[in-house]
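S.K.: This is what each chain is made of:
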Amino acid sequence: MTDFLLLAFIFLTAGIVAVPIATRLGLGSVLGYLIAGICISPLLAGIGVDVISIQHFAEFGVVMMLFLVGLELEPSLLWRMRSKLLGLGGLQVLGSVGLIAGAAVLLGQPWTVGVAIGFVFCLSSTAIVLQTLNEKGLMKSDAGQASFAVLLFQDIAVIPMLAIIPLLALPELTEAVNTLSTIEFDGGGHASDEGHEHGLSLVAGLTGWQTGLATIAAVGVVILGGTYLTRPIFRFIAMAGLRELFTATALFFVVGIALLMSLVGLSPALGTFLAGVVLANSEYRHELQSDIDPFRGLLLGLFFMTVGASIDFRLLFASLGVIIALTLGMMAIKTGVLLILGRIFRLEAGDSWLVGLGLAQAGEFGFVLLSLTVASNAIPQQTADYLLLIVALSMLLTPGFFVLHERLIEPRYRKTQQKTADDIDEVSDVIIAGHGRFGGIVNRMLRAAGYTPTVLDYSASQLELLRTFGFKVFFGDATRPDLLHAAGIAEAKLLVIAIDEREQITELVRYVRKTYPDVHIIARAVNRPHVYELYAAGCRDIVRETFDSGVRTGRSAYEAMGMHPFDAERLSRKFVEYDKYAISQLAETYDPAKPIHRNAAYVARSRALMEERENEVFASGGAFAARIDRGWSPPKKEDVDAAKAKGAKLKQSD
Amino acid sequence: MARLLLIYAHPGQRTSRANRAMYEKARAIEGVTRVDLYATYPRYDIDVDREQRRLLESDVILFQFPLFWYSIPSLLKEWIDLVLEHGFAYGAGGDRLSCKTLMLAITAAGPADAYRPSGYQHYALRTFLTPLEQTARLCQMTFPAPYVLHGALDAAETGEVAAHVEGYASLLRSIRDDSYDFHAAVERETVTYSDVPFLLGV
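Protein chains in written order, with the numbering used here: chain G, 431 to 1084; chain X, 2 to 203.
Since the hints were made in silico from the structure, they are not lab data. Given the structure is predicted, the values throughout are model-derived calculations rather than measurements. Quick reminder that beta carbons are idealized off the backbone N, C-alpha and C, glycines included. There's no promise every hint is true.
Stated by the list, open to error - Lysine-lysine pairs mimicking DSBU-like chemistry, simulated, CA-CA at most 35 Å apart: (1) Lys78(X) with Lys1004(G); (2) Lys78(X) with Lys1010(G); (3) Lys923(G) with Lys1004(G).
Said to hold, decoys possible - Label pairs and their computed distance ranges (CB to CB): (4) Gly980(G) with Ile81(X): 33 to 39 Å; (5) Arg867(G) with Asp50(X): 29 to 35 Å; (6) Met991(G) with Asp50(X): 26 to 32 Å; (7) Asp50(X) with Gly984(G): 52 to 58 Å; (8) Arg51(X) with Glu1042(G): 38 to 44 Å.
Starting from the given sequences, assemble the full structure and let the hints guide the process.
M.R.: This is the structure:
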């Protein structure tokens, strides 16, 4: 127990200290974790920790990452991006793999190793690039969208790569490992063909076609289960009404699928990716995303730390020159490929440079593939050690590349860049938080006008109801920043807050104002003090939830009492106008620290206003009534007589 | 028997002296469909289809309103703008109102002698009404002389309102019974309560 706690403490401390510093320096979190790993490696060696076995555990983070990648793959998004995705992304991967493999062969590697190296290097760092582009506000620019398309294609390309790498295994390496493992497990009596993997297997004793059948069955289970079982399961879980159960369910899905896949001898990453794609259109997508994301983040962090901890510094310093040369060479190839593609796909020259330099590094998937290539005997360990250093170094150089672009290249092209308008369609510009009796109306109105808001709600029964009417609604607690982020708040134009709880509304306004100051917020206020509270929190578009219906009821009451409908309409409008005035008057005395009934100034002002109103509205012939009729009351008799007299004078003068 | 549609437009009915009484009087007359525009559409959201249906179901359409700034109250203008649609009331295929009658019942603050070149309103009353007259012509409707109460502000005291309301009732009844002399009425400038008896017997 103490050992475990100590180990956890060391990793957590390293991560907490190193990552914020690295992010602040613009290096990105991946490098932060790597550096943390490097820093704690002597300590880990000192207490005799088996870094590699921790790394195997942490690789589950990769499985989760692919699940999330799958979740992101909305068919509609893919369809919209198809030309960029396949063209730019596909050619980038093919071109980079080909050229890097060629270079590797020229340097004396066998072609299989060359291809494996191409796989490792062609993938850029999604984490670093998206982070940087977001920080610089370039995500929506042409260059940002092109980068995103390439990164997305790379994420997808990982799947076939995972399948191909075992086929690239070097015969002599595999033999050596097999001999070793046979010796090792001879006593146990169940030597495994796969060398390092010797866990449970459902397909161990089966013939080829039986294995095939089992594999197809497992994939079928994932697809059918994902399509038909998720909703009933989530509904069942929702009955308990406990947040943590959703997290547990999400983990259950991922772990279960990974387990099933390893049982039939498929890659768990592949299986969860597939499940992610199946669930991408589900209304629980955002919920799953935000539940899994922290685990993915932590486990990947752990993974990168173990990568950092296993960096061989003796090797680095022994062949520093070679490693730097290879790194720059690799980055030059990738930049070159992207520059050519940028020309083909008619990107502005400045944008091409940004994409090319921005995506020049190898990325976190490189580490993942490296550990797989070594495990599948596709790349010898010594070569992998070099490659690891190259990947890490290229990531380390990336912030420098961005600076290079900003300082030297962008100024040269700035003039031509200003011409191009930014015409990227959004998935949805509007987010509605809360789809009850209030938000539902907003949703219906927006849909009627052709908008497609993203709706978040936390009530499974409400959700079920909406689904029957064909609305697209996502399940989740809108007050959670991660869920909001997953719903696309960073790109949204408008957030409508229609949830019920007063504190949560205010909290949400405060958070969004601070984090995404450009998003317009329309917030529901539960009562008048809440209006002041929301105003103080920075919201300028506040709607009292029951005010308008109260006014309409009052108007109906006027009519029921015999008032002419047009008078009722005008009087209720006057009332609204008056109420706005009163609210602005009382705002001056409002003190968030005091409840209103203890706020003497508020009470006094409020009373004065009430008297004023009674005089104005209800006293017959009062100022308010006069204002109502102004305009349509007939002219006074004196005026008419005066006009007549004037007319008479005119007549006399003819 | 003619079917009558009474479109009544008055935004300030609480201060009305003549119009409200006229409208109330019309209630008791069978065969008259009454529409208080400001009560039906207090928020100006006119139901065009319903209004067109009403027009098709009537023979004589009567606009009753106080003259505001030599023109009609704004909601009546909105009603005309929306309901007298192209293809319905005018233009290609727009003959659905042809052979029907458009008539006005107006109250005016100024006395009769103000509406002449030497009077302070300078123009004849019918000059101010030419847009409505031409509207009727474009819709192939006949436009008989409007029923007018002059000096509506004084009229309550002089007892003229009562006479005007009674005249209004006889007018509506005789239109309904097809006994109103439209031929004579088309020739006249205006019709007042004192003219009504001469137009009743056909």
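S.K.: Now, for every hint given, state plainly whether the structure supports it.
M.R.: Now the hints, each set against the structure:
1. Lys78(X) with Lys1004(G): holds, 24 Å
2. Lys78(X) with Lys1010(G): holds, 31 Å
3. Lys923(G) with Lys1004(G): With a Cα-Cα distance of about 32 Å, the restraint between Lys923(G) and Lys1004(G) holds, given a limit of 35 Å.
4. Gly980(G) with Ile81(X): 33 to 39 Å: At roughly 35 Å between Cβ atoms, Ile81(X) and Gly980(G) fall inside 33 to 39 Å, so the hint holds.
5. Arg867(G) with Asp50(X): 29 to 35 Å: The hinted range 29 to 35 Å holds for Arg867(G) and Asp50(X), with Cβ atoms some 31 Å apart.
6. Met991(G) with Asp50(X): 26 to 32 Å: holds, 31 Å
7. Asp50(X) with Gly984(G): 52 to 58 Å: 30 Å Cβ-Cβ, so the 52 to 58 Å window is violated.
8. Arg51(X) with Glu1042(G): 38 to 44 Å: Holds - the Cβ-Cβ distance for Arg51(X) and Glu1042(G), about 42 Å, lies within 38 to 44 Å.
Taken one by one, the earlier hints fail for this structure only at number 7.
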